[in-house]
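These are the residues of each chain, in order.
Number of protein chains: 2
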Amino acid sequence: MKKFIDTPETLLHDSLSGFALAHGDIVRYNPEPRFIRRAQIGPAGKVALISGGGSGHEPLHCGYVGVGMLDAACPGQIFTSPTPDQMLAAAQAVDTGGGILFIVKNYAGDVMNFDMAAELLEVPHGSVLVHDDVSIPEHQGMGRRGVAGTLMVEKIVGAAAEAGADLAACLALGERVVHATASMGVALTSCTVPALGKPTFEIAGDEMEMGVGIHGERGRERMKLATAKEIVDQIATTIADELKPERNQSALLHINGFGATPLLELYLIYHLAAQFFQDRGVVIARSLVGNHTTSLDMAGCSVTLTLLDDELIRWWDAPVHTASLRWAC
Amino acid sequence: MKKFIDTPETLLHDSLSGFALAHGDIVRYNPEPRFIRRAQIGPAGKVALISGGGSGHEPLHCGYVGVGMLDAACPGQIFTSPTPDQMLAAAQAVDTGGGILFIVKNYAGDVMNFDMAAELLEVPHGSVLVHDDVSIPEHQGMGRRGVAGTLMVEKIVGAAAEAGADLAACLALGERVVHATASMGVALTSCTVPALGKPTFEIAGDEMEMGVGIHGERGRERMKLATAKEIVDQIATTIADELKPERNQSALLHINGFGATPLLELYLIYHLAAQFFQDRGVVIARSLVGNHTTSLDMAGCSVTLTLLDDELIRWWDAPVHTASLRWAC
Chain P
1 MKKFIDTPET LLHDSLSGFA LAHGDIVRYN PEPRFIRRAQ IGPAGKVALI SGGGSGHEPL
61 HCGYVGVGML DAACPGQIFT SPTPDQMLAA AQAVDTGGGI LFIVKNYAGD VMNFDMAAEL
121 LEVPHGSVLV HDDVSIPEHQ GMGRRGVAGT LMVEKIVGAA AEAGADLAAC LALGERVVHA
181 TASMGVALTS CTVPALGKPT FEIAGDEMEM GVGIHGERGR ERMKLATAKE IVDQIATTIA
241 DELKPERNQS ALLHINGFGA TPLLELYLIY HLAAQFFQDR GVVIARSLVG NHTTSLDMAG
301 CSVTLTLLDD ELIRWWDAPV HTASLRWAC
Chain B
1 MKKFIDTPET LLHDSLSGFA LAHGDIVRYN PEPRFIRRAQ IGPAGKVALI SGGGSGHEPL
61 HCGYVGVGML DAACPGQIFT SPTPDQMLAA AQAVDTGGGI LFIVKNYAGD VMNFDMAAEL
121 LEVPHGSVLV HDDVSIPEHQ GMGRRGVAGT LMVEKIVGAA AEAGADLAAC LALGERVVHA
181 TASMGVALTS CTVPALGKPT FEIAGDEMEM GVGIHGERGR ERMKLATAKE IVDQIATTIA
241 DELKPERNQS ALLHINGFGA TPLLELYLIY HLAAQFFQDR GVVIARSLVG NHTTSLDMAG
301 CSVTLTLLDD ELIRWWDAPV HTASLRWAC
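Going down the list, the sequences are from chains P and B. The end of the first sequence is residue 329 by our numbering, with every number in the run present. The end of the second sequence is residue 329 by our numbering, with every number in the run present.
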């Protein structure tokens, strides 16, 4: 295993300490129980948005804590769900009377622990479940996984909460973004969890994992490595079949790198995906290209499409000031 | 070779086309001769900043074209210098009468071609040569390489140019930033140039390349893999010996990922480096952590320290609106 590391046991704490030190104007780090919160708690009555999940997907979620997005994030150990005490402590720290909204990626552990925290919360609360990964069927096992589309939910609902939307409105908006969003990924290599020290899965030099999850979960098909165009065609077709955009439908196109794929390649994928959707009459109104929902050091990427209307565009464009997404502030 | 690619010959053009499409509010792409320029040319009399170099270091330089940084960037093929006709065409496109400032990383081909372009320029011009890589001796061969510190020059001089500083002032400021900046990197893996299809260098599973260049050039020593703390101690000591910061000296600390190293590890490195310099009395006044000057898919990182005074802090904090650095606009 080739990583910058002292001991696997201290990696997460030391890394979060560095994160909080580097972004002291934006966040604070509470080590025990572990959460990252905004440096300045939101105004009285603002709905507080809290997300979280296993670490290893940075900048998700801690990199999206700040004005216009999350109020707090609860990082678990790498690829391990955070615990209810983290969520409760985070909620207590950022609650200003407007209620708590959990944004939860659809994984058994995350769902169970956020549910448990919700049951213990003594203030108004709700949960948005993100399940944007259309590579697997909707009614298989736990259902679809929450992947890179989570960022769209956090940004759009975050903007509305900042503008004073109440809990019911934030919840409804979150559901609307989830419904309008579809993602699918492909891996060229595995990732390596530091505490395990070896690749999560084996993959041959001429193979790719189509429909991979963000923890290296098997996807829909192990295939021979194809050209970028063939890969994008397969992914974008799956997304288009799911969302069925009409002609002149506006959309946000997000190409997300899993960690080890250069920007040069991500922009190639963006170009191909934009052409694919434009050829079907979709108007790519907004774009985001980069490493946002990663899988440690995995080479690969995902494509996310969110169908937009004027309201969603307004929330997407609204000011945001976080460590990893920052504009118009 | 596992990459998203159709053909190596079209990768750069297709990727830049995607880049320009994704950031149409910020940049324009001129394919022949190849350069990226601001969507809105600067006001009359503004000094125009142009950088460039081999591709494969994205987001450097194209990701830093925009208000508050570069006016244009000239990307060569991967790890290959751009040619004088690119620089001349870019200069012609962005010149508004204030003169042209080239920001050049110290590599033989880059220096030769920017020099040739400068000789052909018929407007006032100057060049800042960046040579911040302190891993190799100053007077060896071509001298020190220009690496991740280039971004500091582009940001700080870019802010001054935007505020109306003239050519002589921009040139002097650029020299001052170069003098105040030192960088050193370490590689855990090689990178793979698409047209070659195999790793640039071989490195064993338990080795690292200390002092590596951003094209995978050999550094100062091939060593056994060390802990993050040992690595940071060696790099930060070299930088401190070079810059000799006094107690209470303000500085910008930049941890740059080479492409395949997760943010989790980069923030660990940041934490260790910040502690190292703080222990020596340095005040870490500003921070930047992320993949900014990459080496394709290389795992590794570099540490850059720029000594700051009030003026440099003011320029660093000034508004910037580019694809990959954006704040306060």
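Among these hints, one or two may not hold up.
Dumping the calculated DSS-like pairs for lysine-lysine here, alpha-carbon to alpha-carbon at most 30 Å [what the hints assert, rightly or not]:
| hint | chain 1 | residue 1 | chain 2 | residue 2 |
| --- | --- | --- | --- | --- |
| 1 | B | Lys244 | P | Lys198 |
| 2 | P | Lys198 | P | Lys2 |
| 3 | B | Lys198 | P | Lys2 |
| 4 | B | Lys3 | B | Lys198 |
| 5 | B | Lys2 | P | Lys2 |
| 6 | B | Lys2 | P | Lys224 |
| 7 | P | Lys2 | B | Lys224 |
| 8 | P | Lys229 | B | Lys229 |
| 9 | B | Lys2 | B | Lys224 |
| 10 | B | Lys2 | P | Lys3 |
| 11 | P | Lys244 | B | Lys224 |
| 12 | P | Lys198 | B | Lys198 |
| 13 | B | Lys244 | P | Lys244 |
| 14 | P | Lys224 | B | Lys229 |
| 15 | P | Lys3 | B | Lys224 |
| 16 | B | Lys198 | B | Lys2 |
| 17 | P | Lys244 | B | Lys229 |
| 18 | P | Lys229 | B | Lys2 |
| 19 | P | Lys229 | B | Lys224 |
| 20 | B | Lys198 | P | Lys244 |
| 21 | P | Lys224 | B | Lys224 |
| 22 | B | Lys229 | P | Lys198 |
| 23 | P | Lys224 | B | Lys244 |
Just some of the chain P residues that point at chain B, by a computed CB distance under 10 Å [as the list claims (entries may be wrong)]:
| hint | residue |
| --- | --- |
| 24 | Thr7 |
| 25 | His179 |
| 26 | Trp316 |
| 27 | Ala318 |
Since the hints were made in silico from the structure, they are not lab data. Even glycine gets a Cβ: it sits at the ideal position worked out from N, Cα and C.
Here's how the hints hold up against the structure:
The straight-line distance between the Cα atoms of lysine 244(B) and lysine 198(P) is roughly 41 Å, outside the 30 Å bound, and the hint therefore fails. With a C-alpha separation of about 10 Å, the suggested pair lysine 198(P) and lysine 2(P) falls inside the 30 Å cut-off, and the hint holds. In summary, the hint linking lysine 198(B) to lysine 2(P) is supported, as the alpha carbons are separated by about 19 Å, within the 30 Å threshold. Of the supplied pair hints, the one linking lysine 3(B) and lysine 198(B) holds, its CA atoms being roughly 11 Å apart against a limit of 30 Å.
Proposed proximity of lysine 2(B) and lysine 2(P) is supported: the alpha carbons are some 19 Å apart, at most 30 Å. Restraint check for lysine 2(B) and lysine 224(P): satisfied, since their Cα atoms lie roughly 11 Å apart, inside the 30 Å limit. Distance hint between lysine 2(P) and lysine 224(B) is fulfilled; the C-alpha atoms sit about 11 Å from each other, no more than 30 Å. Note on lysine 229(P) and lysine 229(B): the hinted pairing is violated, with a Cα-Cα distance of about 43 Å set against a maximum of 30 Å.
The straight-line distance between the Cα atoms of lysine 2(B) and lysine 224(B) is roughly 27 Å, inside the 30 Å bound, and the hint therefore holds. Only pairs whose Cα atoms come within 30 Å are accepted, and lysine 2(B) paired with lysine 3(P) is accepted, the gap being roughly 20 Å. With a C-alpha separation of about 54 Å, the suggested pair lysine 244(P) and lysine 224(B) falls outside the 30 Å cut-off, and the hint is violated. The hinted pair formed by lysine 198(P) and lysine 198(B) meets the criterion: a straight-line CA distance of about 23 Å does not exceed 30 Å.
About 61 Å separates the Cα atoms of lysine 244(B) and lysine 244(P), which puts this hinted pair outside 30 Å; it is violated. The suggested pairing of lysine 224(P) with lysine 229(B) is violated, with an alpha-carbon distance near 40 Å, which exceeds 30 Å. Restraint check for lysine 3(P) and lysine 224(B): satisfied, since their Cα atoms lie roughly 13 Å apart, inside the 30 Å limit. Of the pairs offered as hints, the one joining lysine 198(B) and lysine 2(B) holds, with about 10 Å between alpha carbons and a cut-off of 30 Å not exceeded.
At most 30 Å may separate the alpha-carbon atoms for a hinted pair to count; lysine 244(P) and lysine 229(B) exceed this at roughly 51 Å. At roughly 15 Å between alpha-carbon atoms, lysine 229(P) and lysine 2(B) fall within 30 Å of each other, so this suggested pair holds. Of the supplied pair hints, the one linking lysine 229(P) and lysine 224(B) is violated, its CA atoms being roughly 40 Å apart against a limit of 30 Å. A hinted pair counts as satisfied when its Cα atoms are at most 30 Å apart, and lysine 198(B) with lysine 244(P) does not qualify at roughly 41 Å.
Simply put, lysine 224(P) and lysine 224(B) have alpha-carbon atoms about 35 Å apart, too far for the 30 Å limit, and the pair is violated. Restraint check for lysine 229(B) and lysine 198(P): the C-alpha separation of about 22 Å stays at or below 30 Å, so the hint holds. Our distance criterion of 30 Å between C-alpha atoms is broken by lysine 224(P) and lysine 244(B), whose separation comes to about 54 Å. Annotation: threonine 7(P) was flagged as interfacial toward chain B, and the flag holds, the nearest CB pair being 8 Å apart, inside 10 Å.
Among the interface hints, the one on histidine 179(P) is violated; its C-beta lies about 25 Å from the nearest C-beta in chain B, farther than the 10 Å criterion. Look at tryptophan 316(P): its Cβ only gets to about 13 Å from chain B, farther than 10 Å, so that hint breaks. Hint status for alanine 318(P) relative to chain B: violated, with the closest Cβ pair at about 14 Å, above 10 Å.
In the structure shown, a violation is registered for the earlier hints numbered 1, 8, 11, 13, 14, 17, 19, 20, 21, 23, 25, 26, 27, in ascending order.
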